[in-house]
Amino acid sequence: MAGNLGSEIRRIFENMEYGPAPESADIAKKWLSQHKDSLGHFINGEWVKPENRKTYTTCSPATGEALADTIQGEEEDVNLAVSCAKTAFQSWSQLPAHTRARHLYAVARNVQKHHRLIAVIEALDNGKSIRETRDCDIPLVARHFYHYAGWAQLSDTEMREWKPVGVVGAIVPWNFPLMLSTWKVCPALAMGNTVVLKPATFTRLSALLFAEICHEAGLPPGVFNVVTGNGSFGSKLALHPDVDKVAFTGSTPVGQTLRRLTAGTGKKLSLELGGKSPVIVMDTADIDSAVEGIVDAVYFNQGQVCSAGSRLLVQENIFDDVIQRVKERLKHFRIGHSLDKAIDMGAIVSQAQYNTIKEYVDDARATGADVFQPDIPVPAKGFYYPPTLITNVQTVSRVVREEIFGPVLVALPFRTAKEAGNLGNNTNYGLAASVWSENLPTALELAITLKAGTVWVNCHNLFDAAAGFGGYRESGFGRDGGKEGLYEYVMPKWEQTTRHHVDIDVKTFGASFGSGTTPTPGQGGPSKSHLCPNGIQQPLVDHTYKVYYGGAQKRPDGCYSRPIYAAHDKQTIVAYVGDSNRKDVRNAVEAAHKAAPGWGKRAAHNRAQIVYYMAENLELRRQEIAQRISLLTGQTLENSFKEVDLSIQRLFYWGAYADKYGGNVQETTLYGCTVCIREPVGVVGIACPDEFPLLGFVSLFAPAIVRANCVVIIPSDKYPIPALDFYQVFDTSDLPAGVVNVLSGNKDHISKYLTEHQNVDAMWYFGSAEGSKFVEFTSAENVKRTWVNYGKERDWMDHDQGQGEEFLYHATQCKNIWMPMGTTFSN
Amino acid sequence: MAYNPGMELDMGWVNGAVVDLPAVNRRAATLLTKRTVKKSWQAAWLLRAVTCIDLTTLSGDDTVTNVQRLCFKACNPIRQDLLDAMGMGDYGITVGAVCVYSARVKDAVQSLKQAGGAAIPIASVATGFPAGQVPFETRLKEISMAIGLGATEIDIVISRDLALSGDWGKVYEEIKACKAACGENVHLKTILGTGDLGTLTNVYKASLVAMMAGSDFIKTSTGKEGVNATMPVGLTMVRAIREYFHKTGFKVGFKPAGGIRTAKDSCAWLALMKEELGDEWMRADLFRIGASSLLTDIERQLYHFVTGRYAAAHQLPM
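Those protein sequences? They're chains A and B, same order as listed.
Residue 1 is where the first sequence starts when you use my numbering, and the numbers rise one by one after that.
Residue 1001 is where the second sequence starts when you use my numbering, and the numbers rise one by one after that.
Honestly, I wouldn't trust all of these hints.
Claimed, not checked - Cut-off 27 Å, straight-line C-alpha distance, at most; resulting in silico cross-link-like pairs (BS3-like, lysine-lysine):
| no. | chain 1 | residue 1 | chain 2 | residue 2 |
| --- | --- | --- | --- | --- |
| 1 | A | Lys327 | B | Lys1034 |
| 2 | A | Lys341 | B | Lys1038 |
| 3 | A | Lys341 | B | Lys1264 |
| 4 | B | Lys1038 | B | Lys1274 |
| 5 | A | Lys327 | B | Lys1247 |
In case anyone wonders, no lab produced these hints; they're calculated from the structure.
Can you make the complete structure from the sequences, with help from the hints?
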């Protein structure tokens, strides 16, 4: 042994420093050179490299070293991939469930066989640490395939009412390149869809490697395809007429763009978008563990995590202590090459992302915030950004409101748990949150209060295939993972896939008040309703229909009324109804929000009772309402009775569901309890169809309210009267004020203002293809959940179409609460 | 060695302690995946670990001869040729201390003198080790006798019955009395018997009480409980040490003991100290590992580092 070694060992013995602990890149490099460091698309089971494509050289963010060339795809590449996927769908979707399960299982097995190679490729290409790709990303890839192999196996029984949608276009970001891809691919394939995946520009290698592995594992050609290209290439994929579903994870602005691009086409869409997730530390927390949780929350993957806990909220009596401990903890951070096994953080994915982070922090500093960054070594080359803690900021600060997507934590104090909840929810986002407290009632109540798709109690950033992940509000809709994740890739069996193309002017659509049926007199004959008591003919007491919100009948703001005619004769005006405008929408939404917290807190039993009571009171008026339906629609009285009777039955059906769809325990890998709670979506705007004026109305508001939503509902344009009669049923059934608000008038005009309302959480629209497009397009603004019919009627009398799980899916959103357990480790 | 004068028992502080077991388990598990040392770093770290070992024999069949063997190994823990190859032949690498029953202290004193290691501290377990289920007076007496025989460090056990019943005041008083029996020159290591305490919250509280009472070291276990020195327990104790240091300015040492057998384990414990407390706590004056067979594995690893070959057990002196 040389003398140099002696002095080296002596030096290390004395200073006890860490040394390099490199993971070898040799095998990864061999795989790349197997492909001559140049990769094409992977389509239909083979590498496809069209002529004359521009290339993109992917580099290691740790060093800037070039890794391989990839191609920038063009429209014909999308066409090829989608047509192969469409062809493959014919056979793949028809395979027995068990056969698909075997395929998914084989992929899981093969991922494990090549675990290390995938982990190294991912770390090299993304800049994240090999420890994370090895211990988190890739194990989760395999776990997802195992879990969804199970759903494939069980699909005939567990998803009996559903069928695959067709070709799925999956567009994923660069932060967990392969892991997030499989979150889309697994449920899609399990349900019988085929997939065309577009990985992010910076991180294409793992998806391509994975495609090769899937092919070798025997996945039939065309079932899973990977194409590479830039952002507009992704839009081409999303817009391809044969893509039936777009599954996206990425930034909120891009998600909004995709929502607008696909609006009205009939494509399904799920969006998993950004976040500014709170980490709430109560004074009842184990503070040291909370500090470590903060590290997991916001410095995991260099903070480039959509669920990053980037807003630290600390109870004011322990604020200084916690901040001090976080600073101390950060001094122990190690930053370095992604293939070093002993680092806490690697490089930021790109120069641009690095600049964004730096700009945010510089801006905070310039505006008087205190910026702490530990004095630790940072490699000179590569995009390394130190872990950062910003204090002395307020809710108005830009760094507190906007997603930074880097290792930057902002901290604010709060006084009480209630204030913590309010601060936690004071954001456009709603992806995730964590709560730190050893006090169960506090932690649970906060977990319920926080508007987020995932709430971790005394932990942060735990993931598993058995629990869905996804957002509230502008963090998107749809879930990746769990059984709830399956619904993003299926459609009801009775429904036909159709593609729609309508042109609308979103600026003018529904904008003019008083269009359609003009709210003026003189459009029909004089009233002919009379009574003849004791032979004296006298007119009926005038009956006035008003709009209904906040539990009371109100005159419409505009004080205009529109005539409603009998079916047999356009001269017979059955009644005038209020013609609602945007101010009525404003008032009704306000009333709904006022009612929502109380309605949500009622026992489910109580909500059920109220709905059953509605059935009771509706039946008392069975004859009268059936007659009125018949008069309005021209249906036979017999059919009208059927509609009333089925409406009563449906109230029973939904009353039954009031206390039977609250959620379930998710069988994740956590030692403890992961609970999926199906929470209400919030305030739901509903535009009812013209067909079945009573049944359509009942079939839509009832599932919404039994699942604790409050609704602003627009009855049928043509036949609003049965719905307006219903407000007397509400009033006699103990329905709290504001839970159901009924606005009559022009459907599209009212829908416009409901959809544009930033405080309406979802919009269900049953009307024209144009209106459907408008609703989807306009909902992009606050990433509302939508449910539209693209102008297609459904048979509300049919149980498959008029009730069932589809309604529950739209009436709820899943929140997964992770609760690790245990205090006793011995004895 | 650091000296901890202790402080008044602060029950508000003790009662406020709370430790989340799942979170601690998670940190303990991931800490080992976040830090590793390779090659020269691993060799140097292992040598440092050697200097922190309390080389221990605590058996019913201990006699003068195996205590002698232990003491000679304590003075020559790694084969001289291996040390020479690493340029550390002249560094005077010895273990941190030897640790024996009080009845064997005399043997240890003589053996170390013979082996040329008189400077190596002799730790005696006392106070009715391992269960502590003997009258308190005899426990104090055992301390004085061990010191009289030449022990320079005393490893006591706390009364787990008092801890489990939450009588922290009494636990405090007992340790304080032991501290008084040790005086200022003999270091007091307090074994919490963590495997008997049930919860990490209890471990944290016991750590605080032991430090307030003046323990110079807190030690995980006797090696005889069902659960010994595990990483979550260690993490909990070093966090208590950190908090005590921040509040009082006194540095208290940490000694995991029981179940630490592999070279890899010893690097993990060193990394724990480095991450949670800092480099100062990676030296024998503030860190000891109580172990008997660990040294053999470290020597094997160093053999491999120097020669590139895996050693046979018989090639290294037992």
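The hints, checked one at a time:
1. A:Lys327 <-> B:Lys1034: Between lysine 327 (chain A) and lysine 1034 (chain B) the Cα gap is close to 19 Å, so the pair holds against 27 Å.
2. A:Lys341 <-> B:Lys1038: Holds. Lysine 341 (chain A) to lysine 1038 (chain B) sits at ~10 Å (cutoff 27 Å).
3. A:Lys341 <-> B:Lys1264: 15 Å, holds
4. B:Lys1038 <-> B:Lys1274: 16 Å, holds
5. A:Lys327 <-> B:Lys1247: 17 Å, holds
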